[in-house]
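These protein sequences, in sequence, are chains A and B. The first sequence maps to residues 2 to 240 in my numbering. The second sequence maps to residues 2 to 240 in my numbering.
Rather than coming from a laboratory, the hints here were simulated on the basis of the structure. Treat each hint with caution, since some may be false.
Identical copies go unnamed one by one, so any copy, or any two together, can satisfy a pair.
Keeping only pairs whose Cα atoms sit at most 25 Å apart, straight-line, the calculated SDA-like set for lysine to any residue is [as the list claims (entries may be wrong)]: (1) K109 - T145; (2) K109 - N142; (3) K6 - F157; (4) K4 - G147.
2 protein chains.
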Amino acid sequence: MEKGKLLYEGKAKKIYETDNPEQLIVHYKDDATAFDGKKKGKIKSKGKFNLEISNIFFMLLEDNDVKTHLIRQISETDLLVKKVDIIPIEVVLRNVAAGSLAERLGLKEGTKLNRPILEYYYKNDELGDPLINRYHITERNLATEGQLKLLDILGFKINKILSNYLKEKELLLVDFKLEFGTDSNGNIILADEISPDTCRFWDLNTNKKLDKDRFRRNLGEVEQAYQEILYRLKKDVIV
Amino acid sequence: MEKGKLLYEGKAKKIYETDNPEQLIVHYKDDATAFDGKKKGKIKSKGKFNLEISNIFFMLLEDNDVKTHLIRQISETDLLVKKVDIIPIEVVLRNVAAGSLAERLGLKEGTKLNRPILEYYYKNDELGDPLINRYHITERNLATEGQLKLLDILGFKINKILSNYLKEKELLLVDFKLEFGTDSNGNIILADEISPDTCRFWDLNTNKKLDKDRFRRNLGEVEQAYQEILYRLKKDVIV
Numbered sequence: 002m003e004k005g006k007l008l009y010e011g012k013a014k015k016i017y018e019t020d021n022p023e024q025l026i027v028h029y030k031d032d033a034t035a036f037d038g039k040k041k042g043k044i045k046s047k048g049k050f051n052l053e054i055s056n057i058f059f060m061l062l063e064d065n066d067v068k069t070h071l072i073r074q075i076s077e078t079d080l081l082v083k084k085v086d087i088i089p090i091e092v093v094l095r096n097v098a099a100g101s102l103a104e105r106l107g108l109k110e111g112t113k114l115n116r117p118i119l120e121y122y123y124k125n126d127e128l129g130d131p132l133i134n135r136y137h138i139t140e141r142n143l144a145t146e147g148q149l150k151l152l153d154i155l156g157f158k159i160n161k162i163l164s165n166y167l168k169e170k171e172l173l174l175v176d177f178k179l180e181f182g183t184d185s186n187g188n189i190i191l192a193d194e195i196s197p198d199t200c201r202f203w204d205l206n207t208n209k210k211l212d213k214d215r216f217r218r219n220l221g222e223v224e225q226a227y228q229e230i231l232y233r234l235k236k237d238v239i240v
Numbered sequence: 002m003e004k005g006k007l008l009y010e011g012k013a014k015k016i017y018e019t020d021n022p023e024q025l026i027v028h029y030k031d032d033a034t035a036f037d038g039k040k041k042g043k044i045k046s047k048g049k050f051n052l053e054i055s056n057i058f059f060m061l062l063e064d065n066d067v068k069t070h071l072i073r074q075i076s077e078t079d080l081l082v083k084k085v086d087i088i089p090i091e092v093v094l095r096n097v098a099a100g101s102l103a104e105r106l107g108l109k110e111g112t113k114l115n116r117p118i119l120e121y122y123y124k125n126d127e128l129g130d131p132l133i134n135r136y137h138i139t140e141r142n143l144a145t146e147g148q149l150k151l152l153d154i155l156g157f158k159i160n161k162i163l164s165n166y167l168k169e170k171e172l173l174l175v176d177f178k179l180e181f182g183t184d185s186n187g188n189i190i191l192a193d194e195i196s197p198d199t200c201r202f203w204d205l206n207t208n209k210k211l212d213k214d215r216f217r218r219n220l221g222e223v224e225q226a227y228q229e230i231l232y233r234l235k236k237d238v239i240v
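Required output: the full structure, derived from the provided sequences and hints.
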C-alpha cells in the first residue's frame, strides 16, 4: 500500500490517500504543539511511540467490540486506516481533575472525581476548541441526538476498558480525548489516536506524569515518558 | 416590613434579613458591572427600573404557573421575597446568537438559532462563571439530576412565555439568565431577577439593543434603554 495525495496535514499527523477510496494512510510525526499551537517543538521518536501505543489500545478496544478505524501498520510511523468522516467533536473523559477541568471547577489537580466526567469540545482550531453542550452541537449540526447518545455510551465504555487495563500496568488514566467518525455505511467508529499526546497517564504509585504535560509544562524527560508508556504496555507481551 | 441585618451585597443588589426567617428584602442598586467586575459604573434609576421590569415578568410567570420568590414590592427599590437556597447554576436560554455564544460557536451576532439553546454556568465569581455540563454539576453537587431536569423544563417554558409576551411589545428576547432556589420545603422556585441586566432585548424591527450591552459596549443611552423596556411593558396597562 503506497501513499497517494496528501489530504491533510495536522499538528501531529499527515493523512494520505491510497489506491483504495475507503482507506487512508496516517503518518505520525514527531512534531508537538500545545496551547492552540502557541508552543511548538519536536519529541524524538514520538511518531513511532504514539503509533505503537495507539495501536495497542485500538486492538484492545476491538477485542472488546469497539469498532475502530484500524486496519494495519505499514511502517514504523505509517498506519493504514478506514476512511471516515470525522465528527467534529472531541469527546473527553476524565477520572481525575487536571488541566482545564481543575481550572473550570476550581479543583486541585489530582482530585479523584466521584464519577467519570464526559465533556464535548468543538473540534475547531480557529475557535480554540471550546467546551460545548448538546444544544450547541445540534445548532451546528455536528452530530445527531442519536449519534451523541452513542458517543456517550462508547466514551464511558472505552474509559472503563482502558482504565482497568492501565491499572494493571501501574498507570492511572487521568483523562483522555476521543474522536469518532462515520464510515461509508454511516456506522460510528473510533478514529484518531489514543496516546500520551491525547491522554494524561500518571504512574499509579508516584503520580509521575507520563504524557504530553511533560512537554506542555517543560518538565523534561519527555521522550522517556512516551517510551515508558510503550514499555509498560508491551511488558506482558515480551515476558 | 423593615430591613434587618445585611446578609449579602452583590454587584447589583443587597439582601437583607427581615423579622420573618422565611422572607428577605432585596434592594436593587444603580451600580452596574461587566466583564467579571472589571468594568464598573452606575446607571441612573437602574434599581427602580429593574425592580419594576422584573416584577412584571415574575407576575406574568406566576400567572403561567411558574413559582417565583416574589411576595410584594415595599418601596421603589425594595422587594420582599421568599427566602431560598440559591442553586449555584446560571441557566441561560438563547434564541439568537450574541455575546459569548456567538464567540463560542463562531456565529455572527444576530443569527437566529434553529432551536433555543440552553446553557449552564457555574455561579462562581472567582472562577469567572464558566460554562459547565451536567457531569460537572454532579461532581460539584450543585444540583441533583432530578433538579436539573426540572431546570431544563422551566427554562424552556419561561423562554416560551417571555418570548411570546415580548413579541407583542415589539421586542426580541435574544437571550437571558435565570437563577433558581429551593424553598424550605425543597421546592424549586425562580429567584433573582429578569431585567435588562440579565437579558438581551432588541427592538423587533430595528434590532436596537435595549439592555446592558449598551453599558458593556459603551453604546450610550443606557438609562433610556432600561426606561424604554419598562415603558413598553407598561404600555398596555396604562392605556
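To see whether the hints hold, each was checked on the structure:
{"no.": "1", "hint": "K109 - T145", "verdict": "between (35 Å within a copy, 23 Å between copies)"}
{"no.": "2", "hint": "K109 - N142", "verdict": "between (35 Å within a copy, 16 Å between copies)"}
{"no.": "3", "hint": "K6 - F157", "verdict": "neither (36 Å within a copy, 49 Å between copies)"}
{"no.": "4", "hint": "K4 - G147", "verdict": "neither (35 Å within a copy, 53 Å between copies)"}
In the structure shown, a violation is registered for the earlier hints numbered 3, 4, in ascending order.
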